[in-house]
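Novice: Residue numbers (the working numbering), protein chains in the order written: chain R, -7 to 124; chain A, 281 to 530.
The hints are simulated quantities; they were obtained by calculation from the structure and are not laboratory data. Glycine included, C-beta positions come from ideal geometry on N, C-alpha and C. Treat the hints loosely; a few may be bogus.
What the hints assert, rightly or not - Covered stretches of chain A (chain R as the covering partner; in silico rule of three or more C-beta atoms under 8 Å from a C-beta of chain R):
1) 291 to 298
2) 311 to 324
3) 341 to 352
4) 366 to 377
5) 401 to 414
6) 426 to 435
Stated by the list, open to error - Here's a subset of chain R near chain A, in silico, CB distances under 7 Å, partners left out:
7) Gly16
8) Ala20
9) Ala63
10) Ala65
11) Leu66
12) Thr73
13) Ala105
14) Val106
15) Val108
16) Ala112
17) Leu120
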Amino acid sequence: MSSHTLIVVIALLALGTYGLRLGGVLLARRIPAPAATDTSPAPAGDGDAPTDRGSTTGVGARVARLLPYAAVALLAALAGTAAVIESGEFAGYARPAGVVAGLVAGLLRAPFAVAVVLAAAVAAGLRLLGVP
Amino acid sequence: MRSVFIISNMRTAWRTLGARVVRDIMTVAVACCFVGVSYGAIAVASGIPTWAVVAFSVFVFAGGSQFLAVSLVAAGSPVTAVLGGLLLNARHLPFGLTIADALGTTWPRRLIGSHLLIDESAAFALAQPDTPRRRAAYWLTGITLFVLWQAGTLVGVAVGSNIADPSSFGLDAAFPAALLLLILPRLREAAGLRVATTAAAIAVVTALFLPAGLPVLLGLLGLVAVGRRPDQPPPASSPPTPVTATEAKP
């Protein structure tokens, strides 16, 4: 492959990716969100937040209410596929086992770092034992 | 100049976020650095020239799409490399929509901050309860991971194909585990859990037959599980919901 082609590939991928990133950030300003100052789902449980959102009607309010969950959906989808899929196929047992170990550690309130290292260690350990 | 900026940024972040969150970010950054090493090593091993391997890391700065693009370019399909990489990175648009306030309100911050929008910076920002802390978490994660990603890439290029397989260290399990741990507080609320499990199920099933990138976007369909109304608000007197897994600990 020529250097020229490679430069074009890098430039298109870089510009397109940057466009997607900036596009989302700029589009966010157009959404009339009561959640503009606070878009996390947790405050949705605060006493006053639902009233605020309820007072805004129409598509904007609906989008504003769903947006905080969009990142949760994307991250969960990303985590799910990264945990069990490799190149369109089942990634084997060691990796999801490690992920589950890390998740359980987190649920048991282990520190983040410990849970992540445990996930890696369990996956690596199972592979050492011959688990695919 | 740049390092002074990073150090002062770190001090501010330390004060704003607290030692635990900063340590969590550093943990993910180190793991990310090792993934960068494997990227650099795999890329040079597949015959991509060093300048291009580094250019991908600096200008694209999105690990998954870099792995994909490098393998497709090496296989002689540059068009698929661009389209596949962009499809994989399309998730950054809804991420940007969700955490736009974490970048800041000035144009330099929006323009530079957008380049630092990655899964990890979005996830750490999302885990923070208010805009100042979201902002600190976003920038600290973005800048640290950018620097370490470049460093990892260079080390990977240097060591070549010797440690090309990140799975031997279980690093492939560390990434999804870290993502789940970051949204763990959301999983403790009913709507968040419904959304997350629906999204993950849709993505995993569709990933078996759809090209990379599309399944994660289809995960957005999990939003139907939010329901028409937000969850029952807790009594006003109750303490604020713990927002990160780490903050919830004593």
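Novice: Work down the list of hints and note, for each, if the structure agrees.
Specialist: A quick look at each hint next to the structure:
{"no.": "1", "hint": "291 to 298", "result": "violated (count 0)"}
{"no.": "2", "hint": "311 to 324", "result": "violated (count 1)"}
{"no.": "3", "hint": "341 to 352", "result": "holds (count 4)"}
{"no.": "4", "hint": "366 to 377", "result": "holds (count 10)"}
{"no.": "5", "hint": "401 to 414", "result": "holds (count 8)"}
{"no.": "6", "hint": "426 to 435", "result": "violated (count 0)"}
{"no.": "7", "hint": "Gly16", "result": "holds (2 Å)"}
{"no.": "8", "hint": "Ala20", "result": "holds (3 Å)"}
{"no.": "9", "hint": "Ala63", "result": "holds (4 Å)"}
{"no.": "10", "hint": "Ala65", "result": "holds (4 Å)"}
{"no.": "11", "hint": "Leu66", "result": "holds (5 Å)"}
{"no.": "12", "hint": "Thr73", "result": "holds (5 Å)"}
{"no.": "13", "hint": "Ala105", "result": "holds (4 Å)"}
{"no.": "14", "hint": "Val106", "result": "violated (9 Å)"}
{"no.": "15", "hint": "Val108", "result": "holds (5 Å)"}
{"no.": "16", "hint": "Ala112", "result": "holds (4 Å)"}
{"no.": "17", "hint": "Leu120", "result": "violated (9 Å)"}
The structure does not agree with the numbered hints 1, 2, 6, 14, 17 stated previously, though it agrees with the rest.
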